[in-house]
Amino acid sequence: MLISTPGGESKQVHKGDSIRSGTVIECGADAGASLKPLPTLHIIVYPDTKVRFDGSDVNGDGGGSVMFTIIAGKALFHIDQPPPANGDSKPAVPVIKVTVVTDEGIIVNNVGGKQEQGDAGKPDDKTSPRQIVAATWTVQHDEGRTIVAVSEGLSNVSIGKGAAAGSGEVGGQVKVPQGSVIWLFNRDGKIAAELVDTNTGKVTNLTGGPSSGNSLVEQSKNQLVNPSSGGSTSTPGSTPNSPGTLPNNPSSNPDLSTPQKPLPVVSADTP
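Quick note: the sequence shown, position 107, residue 107 per our numbering, numbers continuous.
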């Protein structure tokens, strides 16, 4: 596995190495990478994937924000529910914001924080930020297509806001709830989008016109990853044109983190 620094230097990396903002990570067919830029945020970079770590801001409570670009391939993002503090039955959930950019759109996930204004009448609404204490989702980008599969939590996707898709026909932000997949297709610079709810089988063409129907539902089910409370994940199988599956043993692959304080360089032995 190679990384390229903003200065243009390329080198092999090893478990426990640190990376800086702007570093490009390129995994070959037989390699993957595990990154831990925040205490409860894990990022798995699949084989045959090229990404850029754009940076992070770390808060003292373990929260913060992370910026990430997928140039080609697939990555998995998982935010653990933090353990209860000081014997409290409810964990103190730090605010975490993860922003992922592809050519077809910008994907934002928020965990923790206060309930959004206007949601006070929906105390049991699992899509409100106050209710989201853990999240698992994948983002896959290949030529002309981005797929966002939300297994746990909620993703907000700004369609057509990516670097190569400024003229997308669909504007604004679309909520992709748990168990749903959004497909973004770049067709000559115009973005078509379909939202699939795998729980109900409903397919919504956000651009207008006919949907892809049942065939897209089955493909979407294969994109979802089964989350677990232990921080590890498993996939039900790879899909056609998938850039690969999760590394069989992620802990044996390079485990990288940002060099920013107060986080130390993360290794597989870090609690």
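None of these hints come from the bench; they were simulated from the model. Hints may be right or wrong, so weigh each one.
[What the hints assert, rightly or not] Derived pair list, reagent style DSS-like, types lysine-lysine, alpha-carbon separation capped at 30 Å:
| # | residue 1 | residue 2 |
| --- | --- | --- |
| 1 | Lys202 | Lys190 |
| 2 | Lys36 | Lys190 |
| 3 | Lys50 | Lys11 |
| 4 | Lys221 | Lys190 |
| 5 | Lys221 | Lys36 |
| 6 | Lys11 | Lys36 |
| 7 | Lys97 | Lys221 |
| 8 | Lys15 | Lys36 |
| 9 | Lys175 | Lys97 |
| 10 | Lys36 | Lys175 |
| 11 | Lys50 | Lys97 |
| 12 | Lys97 | Lys36 |
| 13 | Lys50 | Lys36 |
| 14 | Lys202 | Lys97 |
| 15 | Lys221 | Lys202 |
Against the structure, the hints come out as follows:
{"no.": "1", "hint": "Lys202 <-> Lys190", "verdict": "24 Å, holds"}
{"no.": "2", "hint": "Lys36 <-> Lys190", "verdict": "35 Å, violated"}
{"no.": "3", "hint": "Lys50 <-> Lys11", "verdict": "15 Å, holds"}
{"no.": "4", "hint": "Lys221 <-> Lys190", "verdict": "26 Å, holds"}
{"no.": "5", "hint": "Lys221 <-> Lys36", "verdict": "27 Å, holds"}
{"no.": "6", "hint": "Lys11 <-> Lys36", "verdict": "20 Å, holds"}
{"no.": "7", "hint": "Lys97 <-> Lys221", "verdict": "26 Å, holds"}
{"no.": "8", "hint": "Lys15 <-> Lys36", "verdict": "12 Å, holds"}
{"no.": "9", "hint": "Lys175 <-> Lys97", "verdict": "15 Å, holds"}
{"no.": "10", "hint": "Lys36 <-> Lys175", "verdict": "26 Å, holds"}
{"no.": "11", "hint": "Lys50 <-> Lys97", "verdict": "22 Å, holds"}
{"no.": "12", "hint": "Lys97 <-> Lys36", "verdict": "14 Å, holds"}
{"no.": "13", "hint": "Lys50 <-> Lys36", "verdict": "17 Å, holds"}
{"no.": "14", "hint": "Lys202 <-> Lys97", "verdict": "28 Å, holds"}
{"no.": "15", "hint": "Lys221 <-> Lys202", "verdict": "12 Å, holds"}
Hint 2 from the earlier list is the only one contradicted by this structure; the remaining hints agree with it.
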